[in-house]
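Given the sequences, and given the hints that come with them, work out the whole structure.
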Amino acid sequence: MLSNPPSSLSFLEGSLLIVFQGKLTLLRDTKTDGSFLVHHFLSFYLKAGCKVCFVALLQSFSHYNIIAQKLGVSLTAAKERGQLVFLEGLKSCFDVFFGEEQHVGQTNPLQFVSKDGSNLKTMYEFVRTSLMASGSDSWKCPVLLVDDLSVLLSLGVRPVDVLDFIHYCRVAVCSQLKGNIVVLVHSNDDSEDEENELVVNSLCHQSNLILWAEGLATGFCKDVHGQVKLAKAFSLLPMLP
Amino acid sequence: MAALATGGATPSDGATSFQRKVPASSRLAAIAGTRPSVRHGQLLLSSGLPSLDCVLGGGLAVGTLLLIEEDKYGIYSNLLFKYFLAEGIVCGHNLFVASAKEDPADILKELPAPLFDDVHKNQVDEKETAIKSKQESQESMKIAWRYQNLPKMEVSPAASARFGHYYDVSKTVSPELLKSIKWHRFFLPEEMSLHPEIKTCNMTCGYTRLLQSIQRIIYQEGFDGSYPQKKQKNILRIGIQSLGSVLWGDDICCTDNPEDIFSLTKFLYVLRGLLRMSLSACIITVPAHLIQNKAIMERVTNLSDTVVGLESFIGSERETNPLYKDYQGLIHVHQIPRLNSLICDVSGTKDLAFRLKRKQFTIEFADHQPCASQKEHILTFKHRLSFRASS
Numbered sequence: 001m002l003s004n005p006p007s008s009l010s011f012l013e014g015s016l017l018i019v020f021q022g023k024l025t026l027l028r029d030t031k032t033d034g035s036f037l038v039h040h041f042l043s044f045y046l047k048a049g050c051k052v053c054f055v056a057l058l059q060s061f062s063h064y065n066i067i068a069q070k071l072g073v074s075l076t077a078a079k080e081r082g083q084l085v086f087l088e089g090l091k092s093c094f095d096v097f098f099g100e101e102q103h104v105g106q107t108n109p110l111q112f113v114s115k116d117g118s119n120l121k122t123m124y125e126f127v128r129t130s131l132m133a134s135g136s137d138s139w140k141c142p143v144l145l146v147d148d149l150s151v152l153l154s155l156g157v158r159p160v161d162v163l164d165f166i167h168y169c170r171v172a173v174c175s176q177l178k179g180n181i182v183v184l185v186h187s188n189d190d191s192e193d194e195e196n197e198l199v200v201n202s203l204c205h206q207s208n209l210i211l212w213a214e215g216l217a218t219g220f221c222k223d224v225h226g227q228v229k230l231a232k233a234f235s236l237l238p239m240l241p
Numbered sequence: 001m002a003a004l005a006t007g008g009a010t011p012s013d014g015a016t017s018f019q020r021k022v023p024a025s026s027r028l029a030a031i032a033g034t035r036p037s038v039r040h041g042q043l044l045l046s047s048g049l050p051s052l053d054c055v056l057g058g059g060l061a062v063g064t065l066l067l068i069e070e071d072k073y074g075i076y077s078n079l080l081f082k083y084f085l086a087e088g089i090v091c092g093h094n095l096f097v098a099s100a101k102e103d104p105a106d107i108l109k110e111l112p113a114p115l116f117d118d119v120h121k122n123q124v125d126e127k128e129t130a131i132k133s134k135q136e137s138q139e140s141m142k143i144a145w146r147y148q149n150l151p152k153m154e155v156s157p158a159a160s161a162r163f164g165h166y167y168d169v170s171k172t173v174s175p176e177l178l179k180s181i182k183w184h185r186f187f188l189p190e191e192m193s194l195h196p197e198i199k200t201c202n203m204t205c206g207y208t209r210l211l212q213s214i215q216r217i218i219y220q221e222g223f224d225g226s227y228p229q230k231k232q233k234n235i236l237r238i239g240i241q242s243l244g245s246v247l248w249g250d251d252i253c254c255t256d257n258p259e260d261i262f263s264l265t266k267f268l269y270v271l272r273g274l275l276r277m278s279l280s281a282c283i284i285t286v287p288a289h290l291i292q293n294k295a296i297m298e299r300v301t302n303l304s305d306t307v308v309g310l311e312s313f314i315g316s317e318r319e320t321n322p323l324y325k326d327y328q329g330l331i332h333v334h335q336i337p338r339l340n341s342l343i344c345d346v347s348g349t350k351d352l353a354f355r356l357k358r359k360q361f362t363i364e365f366a367d368h369q370p371c372a373s374q375k376e377h378i379l380t381f382k383h384r385l386s387f388r389a390s391s
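Chains as they are written, first to last, in my numbering: chain A, 1 to 241; chain B, 1 to 391.
These are computed hints drawn from the structure, not numbers from a lab. Accuracy of the hints is not assured; some may be wrong.
Not everything, but these chain A residues come out facing chain B in the computed CB check (under 10 angstroms) [claimed, not checked]:
(1) Phe86
(2) Leu90
(3) Lys91
(4) Phe94
(5) Asn196
Values in this document were obtained by computation on a predicted structure and should not be read as measured data. The C-beta atom is built at its ideal place from N, Cα and C for all residues, glycine as well.
Quick look at the structure:
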């Protein structure tokens with residue numbers, strides 16, 4: 001589990017933020033729940049003063065808000081001052097499914113659930129417009145956070161379209177806006193979900209940093225929930241002056 | 001019928017005259033049959049089985065989904081389904097019963113009768129065990145002597161103030177009790193004949209209708225808070241039987257390459273949104289053993305909150321295994337949700353077996369001990385989770 005969350009960003013974390021820009025971080029979990037990493041990154045980037053676009057597909061806003069408050073950040077306040085753009089997937093899907101026909105034609109990011117089937121273009125447009133810097137903004141690098149990508153496959157999106165979406169976001173967020181992307185996926189060693197494994201392996205290849213939360217190999221234990229492996233960490237040495 | 005006391009001890013019982021002043025902001029805790037979780041403050045419901053509540057960390061959270069993977073013949077999963085609905089009746093909740101094979105009215109008629117007898121007060125509650133031990137030792141109290149002569153247990157017949165009840169499976173619930181609650185029905189053959197064919201979101205027709213029906217009830221009855229002037233809030237318990245089976249119009253149970261593998265997962269996603277925004281809880285039984293494409297079950301598990309799998313010993317070699325002679329099957333808890341918190345309540349061991357008796361469905365822990373002389377592990381049953389009734 002995480003140690004005591006810092007009340008403010010330490011010097012190391014601050015300097016890390018300066019050098020770690022334009023990167024894709026992959027959060028991966030196996031046999032355990034890796035959402036604690038999502039909560040950590042959300043509160044970390046908000047405290048650091050970055051503009052965050054959070055695509056929350058799996059849980060409601062209040063769930064993230066309550067945990068973020070325990071970690072020292074208020075999501076409601078962040079939304080009000082324009083630092084956080086929150087896409088509540090469950091609510092958007094509800095609007096698409098039960099909404100009137102004329103509203104569905106609008107730019108609902110989860111429009112693909114109803115008719116388009118597999119096109120994530122509206123979701124990409126949503127991400128791009130929310131992270132584009134406007135004149136009055138004084139936030140640091142923009143961040144896209146996705147929880148989690150495996151849900152998109154359950155909603156009928158093909159793996160190639162998921163990977164296209166991530167690629168487009170990388171172009172827009174990482175290279176044009178010099179921001180970061182953090183994405184959570186589920187995976188299992190003996191998983192029969194081939195589409196999911198395809199997406200996970202492809203993202204492992206593309207990402208700059210992989211954080212892998214695993215359950216213990218020896219089985220279930222009450223006190224120790226699992227281990228976190230750090231893979232493919234970048235090297236700081238060439239970047240330091 | 002709904003009792004509003006949170007702790008169960010009302011002044012009329014004579015146990016204590018102290019009544020905590022409940023602030024207006026926590027009026028939500030006054031809904032009958034619910035209690036807030038000690039860990040994360042989430043409102044919890046009883047699943048109808050006190051021993052299952054313990055395993056799930058206190059109960060089922062409001063706004064979540066309990067998915068039961070059916071055992072081979074659907075006997076015990078059907079029983080859990082009925083316990084969940086029966087608990088709703090006793091607590092005065094509203095029910096929504098959906099089925100494609102049985103008329104919901106028939107399902108309700110066959111619910112087990114609740115036991116209001118005080119002998120079965122076997123909860124893992126601190127207060128109860130403390131009072132029990134006081135009963136056994138006949139010593140006079142030294143410090144709290146003032147409480148010695150007070151009646152030991154609540155003897156009121158209004159057992160709905162309690163969290164979790166016991167049921168007698170050999171009797172069915174009385175029609176008077178059934179009439180006292182409000183319930184809604186969804187019987188697929190009926191719905192299909194009433195309205196013409198519609199297809200939204202490329203989902204199987206039966207699922208679409210079910211979602212629209214649930215959403216309509218939630219909106220009309222105000223479970224999503226759309227009528228703030230309504231003082232008395234209540235819970236909607238939704239029960240969906242054998243979702244994914246062929247009777248719902250879905251072919252994932254009969255072929256390896258179904259026509260539409262996303263119907264069920266899309267349904268669960270939209271249902272999740274509905275549950276999260278309303279005061280409701282849902283139980284769904286799925287014939288998981290019939291679904292050939294295992295990727296679907298993995299996705300279904302990820303989209304559900306609590307997932308419990310039942311494995312009965314009927315017809316298997318374990319039926320004659322002497323170690324299992326007292327038990328009817330195993331319970332696998334595949335997933336417990338982490339709500340409003342970074343961690344979740346998980347029990348120490350994961351091997352659980354269940355035993356069904358006339359008045360009680362108990363779930364007990366099992367401990368694995370590897371034995372050198374046999375290839376399989378021997379299970380030794382050490383800890384008892386719930387006590388047996390004396391009668």
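(request) Verify the interface restraint on Phe94/A: the C-beta must sit less than 10 angstroms from at least one C-beta of chain B. (result) Holds: closest Cβ of chain B sits about 4 angstroms from Phe94/A, inside 10 angstroms.
(request) Please verify that hint: Leu90/A, Cβ, nearest Cβ of chain B, below 10 angstroms or not. (result) 4 angstroms, holds
(request) Go through the hint on Lys91/A and say holds or violated, using the shortest Cβ distance to chain B against 10 angstroms. (result) 6 angstroms, holds
(message) For the restraint on Phe86/A, tell me whether the closest CB of chain B is nearer than 10 angstroms.
(response) This interface hint is violated because 15 angstroms lies over the 10 angstroms limit.
(request) May I ask you to test the interface hint for Asn196/A with respect to chain B, counting a Cβ-Cβ separation under 10 angstroms as satisfied? (result) This hint holds: Asn196/A lies near chain B, its Cβ roughly 7 angstroms from the closest one there, short of 10 angstroms.
When the structure is compared with the earlier hints, a violation turns up for hint 1 alone.
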